[in-house]
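Chains as they are written, first to last, in the working numbering: chain A, 98 to 419; chain B, 98 to 419; chain C, 98 to 419; chain D, 98 to 419; chain E, 98 to 419; chain F, 98 to 419.
Rather than coming from a laboratory, the hints here were simulated on the basis of the structure. One or more of the hints may lead you astray.
Said to hold, decoys possible - Here are some chain C residues pointing at chain F (derived, C-beta under 10 Å): (1) Arg192; (2) Ser403; (3) Trp409; (4) Glu414; (5) Tyr416.
Said to hold, decoys possible - Think about it this way: if two alpha-carbon atoms lie no more than 30 Å apart in a straight line, the pair counts; the simulated DSSO-like pairs of lysine-lysine are: (6) B:Lys150 - B:Lys216; (7) B:Lys188 - B:Lys146; (8) C:Lys133 - A:Lys188; (9) E:Lys224 - A:Lys337; (10) A:Lys418 - B:Lys337; (11) C:Lys417 - D:Lys224; (12) C:Lys150 - A:Lys125; (13) A:Lys108 - A:Lys127; (14) B:Lys146 - A:Lys224; (15) F:Lys125 - C:Lys150.
Just so you know, these numbers come straight off a predicted model, no measurement behind them. Backbone N, C-alpha and C define an ideal beta-carbon position, used for all residues, glycine too.
Number of protein chains: 6
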Amino acid sequence: MLINKLSEINKGNINDQIEAIVLITEIKLKLTKNEKKYADLSLQDASKKIEAKCWEVDENENFLLSLKANEAVKIKAVVGEYQGSIQLTIKEMERAKEGEVNIRSLIPTSDWGIDSMKKGLQFFYDKVQSPHLRLLLDLMIFSDDHYERFSTYPAARRVHHNFYHGLLQHVLEVLKFSYTVATTKRLTDRQIERLIVMGFLHDWAKIFEYKPLPESGFTEEGTMLGHIFMGAHKTLNVMKEIADFDEEDKLIILNGILGHHGKLEFGSPVLPKTVEAQILHHADIMSGDVESIQSFMSEDGNNEESFTGRLWNMGTEYYKKG
Amino acid sequence: MLINKLSEINKGNINDQIEAIVLITEIKLKLTKNEKKYADLSLQDASKKIEAKCWEVDENENFLLSLKANEAVKIKAVVGEYQGSIQLTIKEMERAKEGEVNIRSLIPTSDWGIDSMKKGLQFFYDKVQSPHLRLLLDLMIFSDDHYERFSTYPAARRVHHNFYHGLLQHVLEVLKFSYTVATTKRLTDRQIERLIVMGFLHDWAKIFEYKPLPESGFTEEGTMLGHIFMGAHKTLNVMKEIADFDEEDKLIILNGILGHHGKLEFGSPVLPKTVEAQILHHADIMSGDVESIQSFMSEDGNNEESFTGRLWNMGTEYYKKG
Amino acid sequence: MLINKLSEINKGNINDQIEAIVLITEIKLKLTKNEKKYADLSLQDASKKIEAKCWEVDENENFLLSLKANEAVKIKAVVGEYQGSIQLTIKEMERAKEGEVNIRSLIPTSDWGIDSMKKGLQFFYDKVQSPHLRLLLDLMIFSDDHYERFSTYPAARRVHHNFYHGLLQHVLEVLKFSYTVATTKRLTDRQIERLIVMGFLHDWAKIFEYKPLPESGFTEEGTMLGHIFMGAHKTLNVMKEIADFDEEDKLIILNGILGHHGKLEFGSPVLPKTVEAQILHHADIMSGDVESIQSFMSEDGNNEESFTGRLWNMGTEYYKKG
Amino acid sequence: MLINKLSEINKGNINDQIEAIVLITEIKLKLTKNEKKYADLSLQDASKKIEAKCWEVDENENFLLSLKANEAVKIKAVVGEYQGSIQLTIKEMERAKEGEVNIRSLIPTSDWGIDSMKKGLQFFYDKVQSPHLRLLLDLMIFSDDHYERFSTYPAARRVHHNFYHGLLQHVLEVLKFSYTVATTKRLTDRQIERLIVMGFLHDWAKIFEYKPLPESGFTEEGTMLGHIFMGAHKTLNVMKEIADFDEEDKLIILNGILGHHGKLEFGSPVLPKTVEAQILHHADIMSGDVESIQSFMSEDGNNEESFTGRLWNMGTEYYKKG
Amino acid sequence: MLINKLSEINKGNINDQIEAIVLITEIKLKLTKNEKKYADLSLQDASKKIEAKCWEVDENENFLLSLKANEAVKIKAVVGEYQGSIQLTIKEMERAKEGEVNIRSLIPTSDWGIDSMKKGLQFFYDKVQSPHLRLLLDLMIFSDDHYERFSTYPAARRVHHNFYHGLLQHVLEVLKFSYTVATTKRLTDRQIERLIVMGFLHDWAKIFEYKPLPESGFTEEGTMLGHIFMGAHKTLNVMKEIADFDEEDKLIILNGILGHHGKLEFGSPVLPKTVEAQILHHADIMSGDVESIQSFMSEDGNNEESFTGRLWNMGTEYYKKG
Amino acid sequence: MLINKLSEINKGNINDQIEAIVLITEIKLKLTKNEKKYADLSLQDASKKIEAKCWEVDENENFLLSLKANEAVKIKAVVGEYQGSIQLTIKEMERAKEGEVNIRSLIPTSDWGIDSMKKGLQFFYDKVQSPHLRLLLDLMIFSDDHYERFSTYPAARRVHHNFYHGLLQHVLEVLKFSYTVATTKRLTDRQIERLIVMGFLHDWAKIFEYKPLPESGFTEEGTMLGHIFMGAHKTLNVMKEIADFDEEDKLIILNGILGHHGKLEFGSPVLPKTVEAQILHHADIMSGDVESIQSFMSEDGNNEESFTGRLWNMGTEYYKKG
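Bound-form chain A, shown alone:
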């Protein structure tokens, strides 16, 4: 049975043999206690992650050792289950042939819709009327150099927005939340324009801090320098290219990028020094925390308990009823 999405597999398929094209996210050869080799695999497609075992290693060892994370493979496997979780036992596996699969189609993706998100970007871009600020956005976001990455990168390595278009979705959330606060609290037009620019740019450097999907992890400069420095550095250089960039806007926008983690202990080298920067910081936490809880709860498979397990970055469990 050829299946299109891993999420189609359910407990009705136990003992069925399935065929699928999946992405390997992790592969390890291990030894049983009685010295038999087997392979432990983590697989995914855009719809789901799933665990698998391959017990016939000996005859395939070289092939298995040659496989790497982020390769697409075609598998034949038997659906199993043990105490609640579905697990595959792989019977046959081969590299997906070139042209047979688009890796992109195996990567989890924002469910907001790219067209809708582009309209969102346009909406906020249009609010920015000051020419120097528009130009800053043009050069940082809408240039050929960056737009592709900006619109496809994830916004985190795990927990929240760690999917295709994740950064884009996160930026739009931050812009929406910030804009509601800004209009409710009657910020001036100039403050609002700056806040929008800061929303666009605050996590911009994640396009250099992370490796592109399906990889997940930091680049060397990401670990050594961090997106906060890298983003403010690039922004300042682009500002210098723009003739007569307003000096106060410059300081406020850079402070907003540097300060958007809100506290020194979260990696901001300076605190937010304007009301815009403070709004940006809270909107950023709001976006990350809400998405963390929602995605964590949607992945929680066990429906017998009233509460999820503990979500590590939030420090608590969540109520699943209601």
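For chain A, the structure is supplied; the task is to place chains B, C, D, E and F on it using the hints.
Then chains B, C, D, E and F, alone, in the frame of chain A:
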């Protein structure tokens, strides 16, 4: 010269004699080093706070000793200034006669407009369609027992929303911010209704935690029990009065009220355990922090410095340019 | 060999076959690396916890899958040992028949003796002379609605007082410690009466926060609301039922319940605001910490080391000599 | 009017001239803004502390400059009051003549009674039956070298037990609390003996850490080394003098002294590693905190407020009603 | 009597009239309680800071109001003293005429000697053999754009190295300490070269973060962006100008600058990720802390106490004997 | 093939049979899931640590159970590898005969060279000219009672300087770093002498806190009392033996030992109260942190990643390039 608002006084009035009706917010008799008595007063009307001295104490000592905070007085005073700040020297002072002044008119008040705020309340109330939740709001907010206090109390003793209608404005801010997040993040209708109810009720018990304006300070039960306990306690009792109140809604709403400070060290006895409760918490901080900065900056009189002083609850200074 | 208590088994019984009636506290089916199923069990009776394996799963799989935590079973097993710890290999197992065993007899129980503890309760109850405070205790503790639970529940899920009558023993410890402090430090009779009432009530709501033994874990309302809120809430409602309950006693007792964890970061929404509340807090910690260390050290089986392992809630190891 | 105790002065004495013998605890010469010198004094006797001014400095400047803290003086003064607090205006002042006053009678003193406290010491000493532990107490406490200091020193510089016999009272409190816990929790006789010894010795070195009353402050070695090190150091040396001092008792008692502050951040270089040491720690905090609150509340003069001010070492205010 | 250095004034000069040229560091007009104006001044020259009063304000008010911090004035004053501290009473004051004084000579200055410090710079510069690293130092430090500021600025606003050449002295200290560690711990030549470059550059941006002496305070960009960002930003731009700048050196040096505060909570947006960066961090703290204690103790005037007061940034007092 | 150093084994030896004399650092008998016994061993010699398995347990069980950590054994084993790490499969094993091996030669050792380190000790000893300080060093360090231990013990149980001569190397590092700071910052000769003495003595008591190598772990008194107390205690006793030991030196040196962890939360019961003590503290951290990073990076075997794993005591990962 009779003046209507303290905010009318400016440096052009130095040495003018003015007459005004003001509220005493603090009065202390002190001794100069050469044993001369004088009185230090803090005065306000709805527009401004101002400091004053009265040097002729001896002949008026009994009258001065009889004055208390939150009394309205009619003063004649000379406008002075020393190194930048306006200060009054009181020449004559008498208690405002009954009927001569409405204390209410001397208290700082939300500039949002009560009609507009009532429309806001209605907007969010209308989003709550579940009968048991509507009834909860009817009994907690829109009952004769509480509506007067709910719609006039401040939401803090100082720093933010510490003015007439302050609680109401804060609740509306929290509702607006939460609602934007809830719709953006596609919460279910049931989640949204609960979040609105939690927004209405989270600080409800401040109407018993604080003394009414123009007093500022905690009631005894406010200090001993706190608004978090008092609010959840009352809400639970009202829920019990409502036939067949949904059990999950009950736990989630109460957890939202108990958890709205977000962390144990900020006085929540339990953490937020739902996405609604987490949104409420961030919207609450957003409202308080943004108002803190805005009101602090608007009171900062000295225009020679680029930065304000340090805002104690935010731990930093703010940039005044831009 | 039929044994009455698991604690009777010692290293002299290695390779003996024993029969016993025990409670399952955990059961999991697992797979060896060569795909053989086996069951891992945690068993206990009132005297001891013990680990067991069952290697013959295939023929019994349905029976094993049907077993749940907190069921009593009759087992035949061989006593084994490997590098120091006794472990059972189960050969036969069947559900205990109705009437064959009282689950209660398989649960660890306070060794203080229920009669002695009842005398203790009476002693402190007799010290409370004020009618309204007596009535509060009558309704909260000595009523048919609560006495059964109050006198049998544990006071914690693990580490200390997590046994039958555990709450009762903990309350008596807190009362004894508090009373010594109160008389030594010459508190007034009124303060002492309030302190006794607070000692009785501070953890009262654990009878709704926890599931009854032999289950161990939180109820839904326990996790969502916590015993601090639930206890103060119920106490306040009972106080309101009592005619003319003294207002100051009300605030002080409620503050004592709310504040008994001593610091906000430990889950008290307000700090202790009276000397009675502070005594209660320290007596509560004293009881929990001392019991933690004693029970941890009594379970430590390895007598070759001078120190125990690290006790997680105390953050250190303990000296076993002396 | 000659008065015997400063606490006799009340608002009925305003404008009376009084005579008294008092201790100077602080004296400072200051300049009024119009360059007139005056003296600010803090005075006390065993019953009360009081503030005083002396306006006639010029003719007495040399005498005033020669006065030091902790000298006894005879004063004639006029009783004054301003906004609630009694204050003296000194008209005449001279050094108390030798023999005219016993400084000791001007120092606040434990109200427990020295005879009663000696009985307390004997009670706990008698519980210690092991010869080596008795000998340790004999040499550390009941020797001619230390008993005088041990029985008269304060246990703190301020806040709690900072009075004559303060250390003795604190030690007895710790012993009483610890002993109740030890018997309630059924410690072995050996544990109880060690706990009593630790109670006696834990703060012993305060007799070298502080200056003797009426001075208040640290000695040089007190600041540089602290009573925790100094006490354990001396105790270990005395143990070495005792033939065949049990090795385990040695480690446990020293660990108890070193660990009695309970956490590294409170100055204990090691954590408590036995149940005795943990009991000692909690009994020590209990004694200090309860006395802090009681003495703070008894000094709070203003009866118009429901709450005291904030007690700095406890971090909160206290409720004065009830 | 014309004096050359304020530090020449001693208690033997009481009542002498002196003449001196000094820098005003603070001036405030104040009102005595009996409404007489006076001026409070803080004065300094390179040798000492001193407090002064001017009682004759009325006739000079316009002149006094026109004076600003950091102006040089010629004063005639009477030397006074009250309870230990020398204080001046100004009798005459006029602005120092152009050419009459070099402001520079009134500013505290490193006592290391500029020639000696230049030799130190050269010593470490010579250790850097890699052309791209040399060029980096040439462009950042030894260029006409920056050398003047780099060699004269202070390294802190207060407490340590807040004097002329302070940054230079601090950099040399950091280089010396680091170099000893690097050679002792056998770092490779490449690591040592990088460490030297990081020592030169870590606080480089203080030349834009602070205002030049005698002013003391942050520039706008200093407060909004901070020297950590500004320094790494400029360094990265200069690196980009250097052909084929080694990529690993780039990341390591930038990480060293960004991480030199050692922990996020001290304002580093990333942690030190190399052994060089960790050495730099500890050498930086060593230099700041040691200088803090030395300068604090040298300013402590009161020789009657064994300990200084509490040094705010170190959190403790220091022993003055020995 | 007889090998001399485990570090000689490399991937070219896969499937070779080797013979070696090694030290067992850990041995555990375990059960495979199909109930087959095997042994897990950690082995080392001076050059390297290596993991090993022994599958033939049954016939050798008594011998294996008799083996303990820190025994030397002669093994024949086959070199294997699985996914990158070398691992041995033991075929034959016997206890090394007496005389066949010197345990000492199997323990990792400082690579500084003992002669060079002795010269270092002499260099710093010669800087101490004051007779009472020299005598203190003679009695504490260079006496027959302590020199053997002092010159061979490790300075930590793991992470840094946990090798033969480790304490000696650490002391020399601290002395070198301190001395550079002291001369750079122009401390007086007396301060420098004290600082050297403090460098020699600060960790002295580790010779009683740890068990001797090849054991690794704390002695009972080490855990109960700690090296900070034990070192200051012994030092004070030796000072008392020295006639007329300067009182200020005594307090300063003891404070330096007690305070060398720099903060209470790191186990110092008092803070450093002199500039010498502060220098000592920073030099101590510098030595430990730098060695931690260097030894951690040298053990990191995997060369495919740009960064090491997280070093637990430093809280971060390190960059391996450059």
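Consistency of the hints with the structure:
1. Arg192: violated, 27 Å
2. Ser403: holds, 5 Å
3. Trp409: violated, 18 Å
4. Glu414: Cβ of C:Glu414 sits 7 Å from chain F, so the hint holds.
5. Tyr416: Constraint on C:Tyr416 satisfied, holds at 6 Å.
6. B:Lys150 - B:Lys216: violated, 44 Å
7. B:Lys188 - B:Lys146: holds, 19 Å
8. C:Lys133 - A:Lys188: Satisfied, since the Cα-Cα distance of roughly 19 Å is no more than 30 Å.
9. E:Lys224 - A:Lys337: The hint is violated at about 35 Å.
10. A:Lys418 - B:Lys337: Holds, at roughly 20 Å.
11. C:Lys417 - D:Lys224: Holds - the C-alpha atoms of D:Lys224 and C:Lys417 are around 24 Å apart, at most 30 Å.
12. C:Lys150 - A:Lys125: At roughly 29 Å apart (the allowed maximum being 30 Å), A:Lys125 and C:Lys150 satisfy the hint.
13. A:Lys108 - A:Lys127: Holds, at roughly 28 Å.
14. B:Lys146 - A:Lys224: Violated, at roughly 37 Å.
15. F:Lys125 - C:Lys150: Roughly 20 Å between the alpha carbons, so the hint for F:Lys125 and C:Lys150 holds.
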